[in-house]
Structures are given as structure tokens and as C-alpha cells.
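Both chains come to you apart, so use the hints to assemble them.
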Amino acid sequence: MNAISIDVKNVTVAYHGKVALHSASLQLKAGTICGLVGMNGAGKSTLFKAIMGFVKPVTGQILINGLSIHQIQKKCLVAYVPQSEEVDWDFPVSVYDVVMMGRYGYMNLLRIPRSPDKQAVRESLERVEMWQMRDRQIGELSGGQKKRTFFARALAQQGMVLLLDEPFAGVDIKTEKMMINLLIALRQAGHTILISTHDLASITTFCDQVVLINRSILAYGDTSEVFTEENLARTFGGSVGDFASAKNRFTPVNQEDQSWT
Amino acid sequence: MDLVQWFAAPLQHEFMVKAILVSALVGLVCSALSCFMTLKGWALMGDAVSHAVMPGVVIAYILNIPLAVGAFVFGVGSVIAIGFIKSKTRVKEDTVIGLVFTGFFALGLVLVSKVKSSIDLTHILFGNVLGISDSDIMQTIIISVITLVTLAILRKDLILFCFDSTHARSIGINIVFLYYVLLSLLSLTAVAGLQTVGIILVVAMLVTPGATAYLLSDRFDHMILIAMASGVFSSVMGTYISYHIDGSTGGCIVVLQTLLFVIAMIFAPKHGLLVRSRKQLSDSV
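In order, the protein sequences belong to chains A and B. Counting from -12, one number per residue, gives the positions in the first sequence under the working numbering. Counting from 119, one number per residue, gives the positions in the second sequence under the working numbering.
Just chain B, with the same shape it has in the complex (with noise of 0.2 Å):
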């Protein structure tokens, strides 16, 4: 098959335009947020508070408001119960926010099984971007916005919230709310990567293309570049291989960003594989 014709081929169905352009948006989002994630050490706090959205998702999707106000509630919502089991037991942090965010996700899987209501449960599971409506990417554009301007103006203290917390605090910077800022943020990307991905493999575009970012680089400023510049092409070719073999869209993307990761694993040129057994070569001789 012709290169051209398999690019402009699944641009003549409207729905592959639209598919394509809120993955892309999705994927340069989440991919902006996993930096952060990943220098804050905050993967499994992503997994679980992608999963604890899901009673909000449900919830909202009944009283007819945007998903994304009850996966804010939730989502916070999880990690506030997280601390407080945390700090009024003996038991340790990785116990509690497996058992939170397991508990709230049951949750959501007995409401969206006993309430009568047209969600779709693949849908949020596996993500439906092939079908998203109208209403979903008005949703999606506007927790981009958020998310990327809250970012673009946070971003420094941010990196030193994540860098080195007692230096900011004795600065006078307010690092609770960057906690919640983060947080918010979070909560509210899992519901925009839901729509693409879906529930599951959300955490994979917040911890992936940080991940493989941080391996390339040096600098915080490289790093978010090329994050977003990996999120945003898994998520374009995703979607369309996705569209030729027929397959799962979120499946695509999120093994595509794998693959990149393990390329940047085995070839980076100071962090990767293949430097580092040759510099130990050189080293031992």
C-alpha cells in the first residue's frame, strides 16, 4: 500500500479526523503531566487515582453532568482517603492505595452493572475514541487548557515541589496547594486519557513518555519536549494502525509509547543499555 494513501486513507471519515486530533491532544497532555509523575515518584499514585475516578465517571454520567467534575470529586476524593488511612493506621502506603483505589473501582463496576443507563462499560474500561461525541472533545479541549496553562505557569515550582519540597517550603512557597494543583491535575487528565485509552491504560500515557523522556535527557526543559513530542506521536500513529488492522485504538498507543520506551532503554545515548555495558567494558579493562 501506497505511504500517502495509508496516511490520507482514514482522514476521508470524519470520525478518524477527530480521532486522531483529541489522541494527539490527549497524548501531548498527558505526556506534559507525566514528567512530573515520574520525577515525583508518583506512578502508583496515578494508577490509583486513574482507577478511583471511575464511581465519579458513573456518577456523573447519571446526574447528567461533565464526567469530569465527579472524576475531580473521586479522584482527590481517593488520595484524601488514602492519607487518612495512612496516618490513622499501622498500615504501610503501597497496602493502602491498593486497597483505595481497588475499592473505589468495585465501586463504579457495581454501579455501572445495576444502573439502568446507556454507559457503555468497554467504553471506560478500553476507551472509545473512535466514537467520541461531540460533547466529550468540548470536555477533552477544555481540561487541556487547564491542564497545560496550569503547567506553563507552575512550571518551576512544580519542578522544585518535585526536586526539593524543604527548600520550597522555607521559601515560603505553598506546597500543599502544589500538592492539590498536581493532584487536581491528575484527576482531571485520567478522565481526558479515558476517553482515548481508557480506565486501564491510562496510567501508561501519565508515566510512559516521562519515563522514556527521562532517559533522554539532562534537562527538565529537554525532557517535557520530548515527552510530549513521544506522547503525541504514539498517539497519532496509534490511532492509525489502529484504523488498519482493526484493532484496540488505547492497545495501540500504549504499545507503540512501550516500544519507545524500550528503544530509549536499550539506545540513549548517556542513560541507555548499550552506553552504559560499554562504559563498564572500558571501565573493568
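The following block holds chain A by itself, in its conformation from the complex (with noise of 0.2 Å):
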């Protein structure tokens, strides 16, 4: 269980010359569950990405349980939770469908779905408390429900990997403790968790890990350890009273999508 599942190895992103990532290091076990912190454009969708192999980076390399980028896709080990407003919630796909598409790895070209498809979106959509939702159009969901569809959608997928970009922005004080219960259970499976956010509060309640980012990583392990008023100034250049106050803030109260910008 205490296997090296990501390893980030002196990864340097660019784009068009830019470097938006500067050599990243990180190493994380399976059974963590990691908040990925910093402010819009300090490289957390960046590292996302870099982890889903959807950028070459520049230097470095990434390894997914050992696995390089090409065999980590073929296996569906990493899934990914979107940000709501990446979504275009009017396209016409039920809850169903879309917790279907997280099993499109596993099946043939004609992407028809076989029993174990069938009873993996099911379980799925039972775990998030969705199933009987399962013929709504996405669009008639209210936001805690079209996250948890999403969610469904990386539990019946069963990768290894999972991040989530801004999972709690907009959703119900339910559709948090449920996803926080799921996400802890995960990780008693086994299940490697990386999520990005910017509110501070949640993230100690039940992170084991923090990653600070700003343009490279500069700090990562234990919570307790990570998780200074100093860290977190250096991560977010200043106004050091906010953070002391949001570190204090054991229970996530405040639901909006902070923005430290």
C-alpha cells in the first residue's frame, strides 16, 4: 500500500516559451489524499495536465504507479473530476450516459457496454446517491448533484489516480460530506487523490498531504507540517491574515470558490 503511486521527476512545463511549471518534484503513496493549493496561474491545472499527459514537458518525467504517460491512459488508471464551468451542462447526455463514458477504456471499438459496465455505473451512481436521477439530461441537475455525477463518473472509471479541480466550488453542505466520506474511503482502497482548490478550510479537515504551488512546488508533505502561515504567504505573496484566519477554519463553512487573485 505504501508504493510510490505519482512520481513527478523535475518536470518543467512551457507554453509557447513560457515556462508555467518550473522543475516540479513530487512524490506521492498510494492511499494519500493530497490538496493541491496556489493561486489561479500558479500551475495547478498545469501539473493536471502534465499528469494526464496532455502536455510534453519540456524536462523531467512522470510516472503513474510506475507506468509511463501512454500505458497509464491505455489502463484508464487516471481519472479526472472537472471544474463545473467546463461543462457544457446543455449538451443532450443523461446522468447515465455521462457515468457510462467512464467506462469507454474498458470497452470495445462500437463502445458497447457489457454487465460489469452496467453494474460499475450502477454501484457508481448508487454510492453518490444518484441513481435514481440516472434519466435526468445533466442540465436540469442542481450543482451538488452534477458534481456527484461527475464523481460517479471517476468512481466507475476505478482509476488509481484521481483529481479533482475545485470538487466543493458550488455544491451543497450534503454533496460535501458525502464526497469527503467517499474520497476517505478511497483511500482506505488504496486510491491516490489529488485535489486543486483554493479553499484553505476543507483541506485541513481530511488532507493528508498538501502540495503548495506558484509556479513551482514549494512545499509538500504532512499537513500539520506544510501548512504554515509562512508556507501559505509565500504561496500566495502576502496578505498573510487571511490565510492565518482560513487555516483556523476547521469546518468548511464558507462554500463560495475563493479566489486569491
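Any given hint might turn out to be false.
Listed next, the in silico DSSO-like pairs over lysine-lysine satisfying Cα-Cα at most 30 Å (straight line) [stated by the list, open to error]:
1) Lys36/A - Lys164/A
2) Lys36/A - Lys234/B
3) Lys36/A - Lys136/B
4) Lys16/A - Lys161/A
5) Lys61/A - Lys274/B
6) Lys204/B - Lys5/A
7) Lys158/B - Lys62/A
8) Lys158/B - Lys43/A
9) Lys210/B - Lys36/A
10) Lys206/B - Lys158/B
11) Lys105/A - Lys43/A
12) Lys5/A - Lys397/B
13) Lys105/A - Lys62/A
14) Lys43/A - Lys204/B
15) Lys234/B - Lys136/B
16) Lys158/B - Lys61/A
17) Lys36/A - Lys(-4)/A
18) Lys62/A - Lys16/A
19) Lys204/B - Lys158/B
20) Lys(-4)/A - Lys105/A
21) Lys43/A - Lys274/B
22) Lys36/A - Lys5/A
23) Lys274/B - Lys62/A
24) Lys210/B - Lys43/A
25) Lys5/A - Lys43/A
26) Lys36/A - Lys206/B
27) Lys136/B - Lys105/A
28) Lys43/A - Lys206/B
Just so you know, these hints were derived from the structure itself, not from any lab. Source: prediction; values computed, not measured.
Below you can see the structure in the form of C-alpha cells.
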């Protein structure tokens, strides 16, 4: 259970000659929940893209469970839960259709679901309490239900690594609690979870580890050690007071997507 | 005039039978593709590609090779040119699209006017389904079969590509391949549509039925069936009407398609204007 799951070795990513992420190194063990904290444009999504194999690093290498990006994709190892703003909610698909998309990597060319696929979709929808809603068009859902649908897709994909982009933005308390419980269950099952977020308060409640990022990785390690005022100030560049109070807010009350820019 | 007579009389002419069948087929194929175009937000791209195929069509005429080949080269070429200019300059994408397709189209016009051939410009611009040749019919059938079979096989991957290309990529689906598949089908169907409604209106065949169906359905499978039904209906009825009023066939087909869209926009059971305004009223009460 303690094998290295995500291994980022000295990775530099540049777009059109501009460096977005500078020599990042990071090792996460299987069975951890890790919060990825940084401002907008600090390189959080770049790191996600690199882990999913969407951008080719200028230097360095990323291995997941010891496998290269190509093998990772073929085996559907990394599941991604997108931000709500990235989704076209008017698209004519049902909740069930979306979750089934998590299984495409396991299907033949025609993507005809077999019984293990149907079973995985049903179980995933039941775990997020969305089975009753399966025939709804995705635009008819509440914010929390929308998030749970995409979370169910990641569950159905059964990847060992989960990437979540701002999972708690605009969701209700019930959904947030349910998702945190599911994440903890996944951690116990040996999954590695990386959560990109602005919401510092929720991080302290359930993340084992934290990565602080600002163009490069400033610090990472156990939450209690890394989550210091000094480190946060370096991450966000100033106005320490805000972060001190955020750090002490152990119960997530504020559901707003806080922007620190 | 008797209704049976209205439908039966044109069928006494062989050219009308051919025209109706070809229009129906083109309507079917373009409508199927139009669902992907509207969902992917490629309407402008459809407009660009359908115009950009023009020089390819003319050159293919001159070289006496299938029109589809020439159209394919220039259709895909125009999109590559758009991508290249967009990535290498600071000019915004919609500007680049407008610039490239008009450039290609203008080149086509020059070629038609300067090269001695039997090409009739008005046939390219406005279509000539009433005088379609047997070889053009064959070509339309081949294009239709290729398009429908490809869409049938790749349907689910293409839906995922339109809906969430990030997820598609993350599970190892080759989205560059899907992009070029969709683009190639667009170039091919532009040629098929060109025969019936002409280069100027072909974008309507590739957009309107999809947009109509989008208002009427919340499931992709229903959407594509509704789009195909509305596309075939407009093509067949448009051809009939053009015969009886002795008007432009392409014009009649596209006017009908647009009418169907307007009807859907107003009366659609869930996304129609009437339902929406009634909802707003009841919400505000």
C-alpha cells in the first residue's frame, strides 16, 4: 500500500516558451489524499495536465504506479473530475450516459456496454445517491447533483489515481460531506487522490498531505507541517492575515469559490 | 389541384425521381452530421470548409478526377491553414476563419472564370439537383455510405469528443484522429450538399437540422433521429415545391428547414419560447 503512486520527477512545462511550471518534483504514496493549493495561474492545472499526459514536459518525467503516460491512459488509471464551468450542461446526455463514459476505455470500438460496465455504473451512481436521477438530462440537476454525477463517472472508471478540480465549488453541504466520505473510503482502498482547490478550510479537515504551488512546488508534505502561515504567505504572496484565519477554520462553512488573486 | 396528383405528377419525369432521391439522401447524411456540428460548435467551421472546397472542386473538374477528392484536399487544407495562422499570429480565430475561407472561395471564383471548361458557376453556387448526372449520383451515394458508416461506428466516441474531450483524452482516446474524422466528413458532405443546394447554402444543411433537433430533444439518439427526419422531409418537400412553383430547389429546401427551426423554436415542448415564457410568468407570480 505504500508504493509510490504519483512520481513527478523534475518536470518543467512551458507554453510557447513561457514556463508555467518549473522543475517540479513530487512523490505521493498510494492511499493518500493530497490537496494542491495555489493561486489562479500558479500551475495547478498545468500539473494536472502533465499528470494526464496532455502536455509534454520540456524536462523531467512523470510515472504513475511505475508506468509511463501512454500506458496510464490505456489502462484508464487516472480519472479526472472537471470543474463545473468546463462542462456543457445543455448537452443532450443523461446522468447515466455521462457515468457510462467512464467505462469507454474498457469497451470495444463500438463502446457497447457489457454487464460489468452496467454494474460499475449502477454501483457508482448508488454510491453518490444519484441512481434515481439517472435518466435526467444533466442540465436539470442542482450544483451538487452535477458534481456527484461527474464524481460517479470517476468512480465507474475505477482509476487508481483521482484528480479533482475545485470539487467543492458551488456544492451543497450534503454533497461535500458525501464526497469527503467517499474520498476517505477510496483512500482506504489504496487510491491516490489529488485535489486542486482554493478552499483552504476544507483541506485541513481531510487531506493527509498538501502541495503548495506557485510556478514551482514551494513545499509539500504532511498537512500539519506544510500548512504554516509562512508557507501560505509564500504561496499567495502576501496578506497573511487572511490565510491565518482560513487556516483556523476547520469546519468548511464558506461554500464560495474563493479567489485569491 | 388534387393532392395525390401534386405528389405523383413530378414522378413521371425521371430527373425528378432522381432529384428527390438524391436530395433525400443528402438531407439524411448532412442532418446526421449536423448534430455533431451544432454540439461541437462548428457551425462557423462548416461555413468555412464548405466555401473553401470551391477551388478543389474546380481543379478536380479540370483534372477530371472525382470532385470529392479535390474538395477533401482543400476542405482539410483550409482548416490546417486556419490552425497554422491562428497559432503563429496574434489574429483571433474568427477573423482567421473569415479570412481563410473567403480567400479560398475567391481563388475558386478566379479559377472558374479563367479556366476554359464546361463548369457552370451557378451550378456550383446554387446547386443543380434537377440536372444531376449519373456519375454525380454515384459520388453522392459513395459519400453518403462512407459518412453514415463512419458515424455509426464512431458515434459514441464522437459524442464524447464533442461533450468532454478532456475525459476522452485521459482514457487514451485519440482525439486528434476524431478531429480529423469529423473534419473529413465535413469536407465530403459539403460536396454532397453542393450538388443539391449549392456551396452558399450547404452550411444550412450542416447546421439547421441539428439546431432544430437540439431544441426538441434531451437525448443524443433522439436528436439525431429528429434531425434526420427534418432533413429528409425538407429535402423531399423542398424539391417538390420547387417543381410546382418553378423556383430554386436549394432555396426551397433551406427555407423549409428554416421554417421547421422557427416552429421548433416557438413550440418545442421543453425548450420552446412559448413554454419558456409561460414558465417565467408562473415563476414571477
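Here's how the hints hold up against the structure:
Restraint check for lysine 36/A and lysine 164/A: the C-alpha separation of about 27 Å stays at or below 30 Å, so the hint holds. With a C-alpha separation of about 54 Å, the suggested pair lysine 36/A and lysine 234/B falls outside the 30 Å cut-off, and the hint is violated. Taken as a hint, the lysine 36/A and lysine 136/B pair is broken in the structure, with Cα atoms around 53 Å apart against an allowance of 30 Å. For the hint pairing lysine 16/A with lysine 161/A, the CA-to-CA distance comes to about 29 Å; that is within 30 Å, so the pair holds.
The straight-line distance between the Cα atoms of lysine 61/A and lysine 274/B is roughly 18 Å, inside the 30 Å bound, and the hint therefore holds. Of the pairs offered as hints, the one joining lysine 204/B and lysine 5/A holds, with about 18 Å between alpha carbons and a cut-off of 30 Å not exceeded. This hinted pair checks out: lysine 158/B and lysine 62/A have alpha carbons roughly 27 Å apart, not beyond 30 Å. Restraint check for lysine 158/B and lysine 43/A: satisfied, since their Cα atoms lie roughly 26 Å apart, inside the 30 Å limit.
A distance of roughly 24 Å separates the Cα atoms of lysine 210/B and lysine 36/A; the hinted pair therefore holds under the 30 Å criterion. Restraint check: the Cα-Cα separation between lysine 206/B and lysine 158/B comes to about 24 Å, which is no more than 30 Å; the hinted pair holds. Among the hinted pairs, lysine 105/A with lysine 43/A is inconsistent with the structure: their alpha-carbon atoms are about 35 Å apart, more than 30 Å. For the hint linking lysine 5/A to lysine 397/B, the alpha-carbon distance of about 50 Å lies beyond 30 Å, and the restraint is violated.
Distance hint between lysine 105/A and lysine 62/A is fulfilled; the C-alpha atoms sit about 19 Å from each other, no more than 30 Å. The straight-line distance between the Cα atoms of lysine 43/A and lysine 204/B is roughly 21 Å, inside the 30 Å bound, and the hint therefore holds. Of the pairs offered as hints, the one joining lysine 234/B and lysine 136/B holds, with about 29 Å between alpha carbons and a cut-off of 30 Å not exceeded. A C-alpha spacing of about 25 Å is found between lysine 158/B and lysine 61/A, which places the hinted pair at or below 30 Å, so the restraint holds.
Distance hint between lysine 36/A and lysine -4/A is fulfilled; the C-alpha atoms sit about 15 Å from each other, no more than 30 Å. Distance restraint check for lysine 62/A and lysine 16/A: the Cα-Cα separation of roughly 19 Å lies within the 30 Å cut-off, and the hinted pair is therefore satisfied. Taking the CA atoms of lysine 204/B and lysine 158/B, the gap is about 19 Å. The hint holds against a cut of 30 Å. Simply put, lysine -4/A and lysine 105/A have alpha-carbon atoms about 38 Å apart, too far for the 30 Å limit, and the pair is violated.
For the proposed pair lysine 43/A and lysine 274/B, the alpha carbon gap of about 27 Å is at most 30 Å, so the pair holds. A C-alpha spacing of about 16 Å is found between lysine 36/A and lysine 5/A, which places the hinted pair at or below 30 Å, so the restraint holds. The straight-line distance between the Cα atoms of lysine 274/B and lysine 62/A is roughly 19 Å, inside the 30 Å bound, and the hint therefore holds. The hinted pair formed by lysine 210/B and lysine 43/A meets the criterion: a straight-line CA distance of about 25 Å does not exceed 30 Å.
Annotation: proposed proximity of lysine 5/A to lysine 43/A holds, straight-line Cα distance about 14 Å (limit 30 Å). For the suggested pair lysine 36/A and lysine 206/B, the alpha carbons sit about 23 Å apart, so the restraint of at most 30 Å is met. Taken as a hint, the lysine 136/B and lysine 105/A pair is broken in the structure, with Cα atoms around 46 Å apart against an allowance of 30 Å. Taking the CA atoms of lysine 43/A and lysine 206/B, the gap is near 20 Å; set against the 30 Å cutoff, the hint holds.
Taken one by one, the earlier hints fail for this structure at numbers 2, 3, 11, 12, 20, 27, listed in ascending order.
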